Amino acid sequence: MTTNIISIKGTNEGIILTLNDEAAFTEIFKELKTFLAKNHLNMKSDNVLITVKLGYRYLKEKQEQELRKLLEEEYKLNIETLESELVLKDQVLADFTKKQIKTYSRVVRSGQTISSEGSVLLIGDVNPGGKIEATGNIFILGKLLGTAHAGIHGYTDAIISASYMKPTQLRIAEYISRSPDYESEGVYLDYASVQGEENKIVLNKIRAYPRLEKELNAFERSLLNE
Amino acid sequence: MSEAIVITSGKGGVGKTTTTANIGTALALMDKKVCLIDTDIGLRNLDVIMGLENRIVYDIVDVITGRCRLNQALIQDKRFESLSLLPAAQTSDKSAVTKEGMKKIVTELKEDYDFIIIDCPAGIEQGFENAVVAADKAIVVTTPEKASVRDADRIIGLLEQEEHIERPDLLVNRIRNHMMEDGNMMAIDDIVQLLSIDLIGIVADSDDVITASNQGEPIAFQPNSSVSISYRNIARRILGESVPLQNLTEEKSFFKKIKSLFKN
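So the protein lines, in turn, are chains A and B. Quick note: our numbering has the first sequence finishing at residue 226, numbered continuously throughout. Quick note: our numbering has the second sequence finishing at residue 264, numbered continuously throughout.
Each computed SDA-like pair below joins lysine to any residue, with the alpha-carbon atoms no more than 20 angstroms apart:
(1) 166(A) x 183(B)
(2) 53(A) x 64(A)
(3) 131(A) x 147(B)
(4) 32(B) x 236(B)
(5) 131(A) x 154(B)
(6) 146(B) x 168(A)
(7) 11(B) x 129(A)
(8) 103(B) x 164(B)
(9) 76(A) x 37(A)
(10) 131(A) x 160(B)
(11) 131(A) x 193(B)
(12) 32(B) x 233(B)
(13) 166(A) x 142(A)
(14) 166(A) x 186(B)
(15) 146(B) x 169(A)
(16) 166(A) x 180(A)
(17) 62(A) x 23(A)
(18) 166(A) x 196(B)
(19) 166(A) x 189(B)
(20) 137(B) x 1(B)
(21) 146(B) x 177(B)
(22) 33(A) x 66(A)
(23) 131(A) x 194(B)
(24) 60(A) x 21(A)
(25) 53(A) x 4(A)
(26) 166(A) x 147(B)
(27) 11(B) x 111(A)
(28) 131(A) x 146(B)
(29) 131(A) x 161(B)
(30) 166(A) x 150(B)
(31) 11(B) x 126(B)
(32) 146(B) x 184(A)
(33) 131(A) x 150(B)
(34) 146(B) x 128(A)
(35) 137(B) x 101(B)
(36) 200(A) x 179(A)
(37) 146(B) x 179(A)
(38) 146(B) x 182(A)
(39) 99(A) x 155(A)
(40) 166(A) x 154(B)
Hints are computed from structural coordinates only; laboratory data are not their basis. This structure is a prediction, so every number in the text was calculated from the model and none was measured.
Modelling step: build the complete structure from the supplied sequences, incorporating the hints.
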């Protein structure tokens, strides 16, 4: 059942309604209404699932309400999803910041926190009692003596790396490791990541980082773009 | 050009008040007009260390609430004409001191004095904010102990947010040389590196400081003691002179020198 601007297909999973994304919404809505009135789908059960494919159309809130009212209330169809190929600007920006590296240049002192979306590059030290956290990776050109938390929203592949590491605590996603209770020397040019079957936070030399090349290329690019 | 300097530390008991009294005295010895302000309401000590406790009639709260004029509350030092003290209140309500009140007092004092040195209470609450609000410069006092350095770091962070204050300077107080040599105390270099601010002076831990404070006579008066020289050096650095850091190691006897040779 197809007209110029709408098409309806029945499948095992339910009905798929495709709306042409080049026509005006009012036109489509009118067409849909007459179409449904003409071919009144005589539903046996109330809960027929329908998937609405919107193509590259952006539905305004009011338009979505109208559509839902028509399908759900008048024809007792159960809208499963409203699929749109469109990616919203906010979504794109959010994805973009996730991949971005934000640069700070300061000392993070006791009681201070740097919190960042995406990865963070700190030029300076994190003193004991200070905290640095990011949804992505953490790179520190300086001493990490306080707490660092990478992948705060659960990204377990995140890494924390620093020129000098003697942290109070390292956290990656939900994993925590703390410094030993005895006085210990710090390590130079190491990175921390979650590894092994036990999912422990492990320190390794930066030059041994397998993903380094890929990550650093992306990093370089983002610095050049700034 | 007059300057208001706040002496602060975060942690209590590291020697803020002693430092205030001695830097004030040392500056006064160099013919500067100095006014000390004690902002530790309820726990005033500066007057005791200066030996001026018995002369207090009015205090800072009286000035702020308008019970007296600023000049009436100022106490002139018994040794110098150029040194005065504005004492804290011992009994009045802490909340009487406001930021505006402090600003007004300091601006008024700046007309008559070269240096206004503000003794800050311990902690980071209202008292700290009041002490800091009118300052142009800050000296952060710390001892070579972890807890004290940690608090100093916190305080520096807070001071950096106050835009009217220059980058604070660091004073490392109560250095015990033998402990530092044995590696049981944080080394000065490590402290400066961690806090990453400029060092304005180091002061050794000495029994004489306590004796002098108990007598109400700041140690900076004594002409020859090592601690006194430390404070005078700090005063000279505040005035812009470049003075090398003192060597705090004691003169070793011949026998000790031989002993240390074997140690290494």
